[in-house]
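Asks: Protein chains in written order, with this note's numbering: chain A, 1 to 310; chain B, 1 to 166.
Because the hints were derived from the structure by calculation, they are not lab data. Just so it is clear, CB atoms sit at the ideal spot from N, CA and C, and this is done for glycine as well. Take the hints with a grain of salt, since some may be wrong.
What the hints assert, rightly or not - Each pair of labels, with its calculated beta carbon distance range: (1) Thr287(A) - Met130(B): 31 to 37 Å; (2) Asp128(B) - Ala210(A): 56 to 62 Å; (3) Leu50(B) - Leu7(A): 21 to 27 Å; (4) Arg35(A) - Met130(B): 41 to 47 Å; (5) Thr123(B) - Arg281(A): 47 to 53 Å; (6) Met85(B) - Ala210(A): 47 to 53 Å; (7) Leu276(A) - Gly18(B): 42 to 48 Å; (8) Pro192(A) - Val104(B): 49 to 55 Å; (9) Pro115(B) - Leu7(A): 35 to 41 Å.
Given next are the chains, with one letter for each unit.
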Amino acid sequence: MADPATLLPLLLLAPALVVVAGLAAAAGAVTTGGRPGTPAVETLRLLTKQRRRTPADDPLLARIGLTVLPVAAVLALAVVPLGLPGTGAPVDLDVGLVWFNAMEVLAWFAVWTAGWGPNAATALVGGYRVLPLGLAYELPHMLAITTPAIAAGSLDPATVADAQHGLWYAVWMPVAFLLYLVSTAAMAFWGPFAAPLGRDLAGGAAAEHAGLDRLLLRAGRWMLLVAAAAMAVPLFLGGGAPPPITGPDPFGGPPWLWVGIKLLVVLALLLGLRRLMPVLRMERFATLAWTVLIPLAVAQALVVTVVVLL
Amino acid sequence: MTLLVLVAALGLVAVVAGIGVFVADSMARATFLLLASFVAVAVVLLAFGLTYLGVVVVLMMTIEMMIMVVFMVMLMMNPAGLEPMTMVHNRRGSRVIALGVFAVLAAGALLVPWPTSAPAPTTARGTDLMGPQMLTMAVLGLTLLAAIVGTVALSVSRGPARGGGR
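Looking at chain B on its own, in the form it has when it is part of the complex (with noise of 0.2 Å):
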């Protein structure tokens, strides 16, 4: 009972920040609103004891905020976001989109058959992806850097990366 009015709260948090990054009209605090939706979200995760994966998504969504920032810098008109600005475009397309995404995913949610032995096909899936499928996966990761990797060196034309440093 104690967990379930925990978790509410929490959700509760999350989708008030999550609401928030649309209503902030500062780059800042959209993407400090972000992260705290997303943290929210990880403590949830820590709450039902799946430490690992909760403290996780608090790694990651971090480095993801900051390396958003340094997206928007290099894509956004005012460059380094001081101007107001809004997180909203195309309202109504979006609302269509937003609604739509959402009932099909509770529709999942709640129509799906769930399987009730919790533990054993999460486990029968880790076991499926790390264990045959490994060689797959590691392929995977390794084009996935190549992608990285190559995308920024075809985009540095110049910089002291081709020698046009200072």
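Looking at chain A on its own, in the form it has when it is part of the complex (with noise of 0.2 Å):
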């Protein structure tokens, strides 16, 4: 740890994952008909803005929420392969996907904190509805990324990474991967799944929170959204490795740039999963979820350990 170079990429980590959320903002803005700029004006605007306090609120509570998310999202980046010297990750850890999933689940405290703290109640529904989500949601998530990690031995994303020369694992195991990036979009409350800050509520967990706490939930929003999009390239399309998806590389090129093309399609296919779906009944997606998703993921998951064992 003493060596600085080891420490750059941790120290530019978080800045890097707000610009590429900030980006993404922007793609999203243009896709539901708004201006690109939209993020940065909305962002300054937020910063100028004075937060909001309610009658008999916990403003202490919901901070530490809405910090949370954030912060959360930057910890689940740090463990995710993104072609840098060395195994690519900015964090090398032997359990890298379960620290993933641990981080990613902190942001059902985070919206639900966020939604509690006002003691409002079009904020508390919107916060109470994070936990069906959850509830529906995590199961086919964690089958989804448990899936690469039985076919590669490892729970290691780099191992993950490595293993798919020859076959990236979105052929290998396409239920897998769709159920990812449904849960994904689940996990960031996104699109379809946006129903904890829904226009029937009036903004939901975000109805009473001004100023820097709104920005710290739309902001975390999308820097969630970017992290577990960018762990979809490792688990599910080759990692750092160039096209094509079997044989031989013909295209050189560093890791680090075909993670980057690989992270704006993974994210270009989220962006158009809202544009395909309306917002989902959280009673909807939870019988769904339980009836249809975690059925497909199991199934997934024997066909592939199967596969691996015989």
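Mind assembling these two chains? They're in different frames, but the hints should get you there.
Replies: Encoded structure:
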């Protein structure tokens, strides 16, 4: 740790994630018919506004939760192999996938406390919507993360990425890849899964937050979405290896460049999801998850396990 | 020495946050403090080099706290929990039980002759559970899952699952 060269990626991680999340938010604004500059303008606007207090609120708890959201996104990204020198990840952790999942789950807590803090009905209902959402998406998400780990025989994302030489896991286990994309959008309570911040609740968990509080919630969500999308690259898309999907690599190029290009593709898929689907009601998504998505995820994991064992 | 100081500090955080659970008058604060206490314990495990165990504790405890919130909404008198509440009931009885359990556990920790060759017994236990007894563990896991699904199915008397959805 004493070598500054090893610390540099860690120090740059948070600003880099903020920049990419800002770009993703700009693209998201364009796909919904807004201007690309909207996120930047919105950030400056929120930074100049005052925070809002409500009667008998709990600002301390709400702000702990709101701060946890972007911090958890940075900590989740820290174990994702981004094609850096060495093993590729800013922090090399042999149980990186479990760490990644643990950091993601902190978002449940963050949104719930953000909704709780203001002591207001719409915010509270919005915060509570995260719980059925989490109970619905988390098991397919865990299984979708575990399936590549089973195939590679490791919980280290770098090892999983390296194990895909010859065939990307997106082709080998397409169901797990699709489930990962859907559950990633749900984990970042984004697109069809944005019910916790729903318009029907006048903004839900974000309704009573203004200024920096609101910025933390909205920016934290984009950072979380980008961090989770980045993990799809080593898990399913061959990490820093160039295309094509099978056979030897005809293209050269540094791994970080390919990770970046693949990350853009995954983000484009996630942005497209919002164009395809309206916001789902939590009870419908919970039913869908427990009757369709979880059995699908278990079947995919079973197929991969059997093939690996044979 | 650094490790000892670190672990002592984290243990103190865990205990203070644990006490805070019973001092806080808000369900959300109590939940947060309990999670903070568990996370401090997880960092102790990480400090001892038990990476997987420590990370899993963070993962499971966060989910568990949030599921506990779901149960509070289902079972508590003030469902949303906005009213002030207390986590302390039956003060005298709970004191006796808590001190009794603490004494038994502390006595166990001090009196049991711990094996000196550190990794071997742990490995033996793991091999025993996951080797010859693997079938037992697998059946146990399936039975627990069936029990959970069965309980939920029995307790759902209406709602979408029984065709009563809107």
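Asks: Against each hint, give a clear statement of whether it holds in the structure.
Replies: Each hint tested on the structure:
1. Thr287(A) - Met130(B): 31 to 37 Å: 35 Å, holds
2. Asp128(B) - Ala210(A): 56 to 62 Å: Hint holds: Cβ distance 58 Å, inside 56 to 62 Å.
3. Leu50(B) - Leu7(A): 21 to 27 Å: Holds: the Cβ-Cβ distance is about 25 Å, inside 21 to 27 Å.
4. Arg35(A) - Met130(B): 41 to 47 Å: 57 Å, violated
5. Thr123(B) - Arg281(A): 47 to 53 Å: Check passed, 49 Å falls within 47 to 53 Å.
6. Met85(B) - Ala210(A): 47 to 53 Å: 29 Å, violated
7. Leu276(A) - Gly18(B): 42 to 48 Å: Check passed, 47 Å falls within 42 to 48 Å.
8. Pro192(A) - Val104(B): 49 to 55 Å: 52 Å, holds
9. Pro115(B) - Leu7(A): 35 to 41 Å: With a Cβ separation near 40 Å, Pro115(B) and Leu7(A) satisfy 35 to 41 Å, so the hint holds.
When held up to the earlier numbered hints, the structure conflicts with 4, 6 and fits the remainder.
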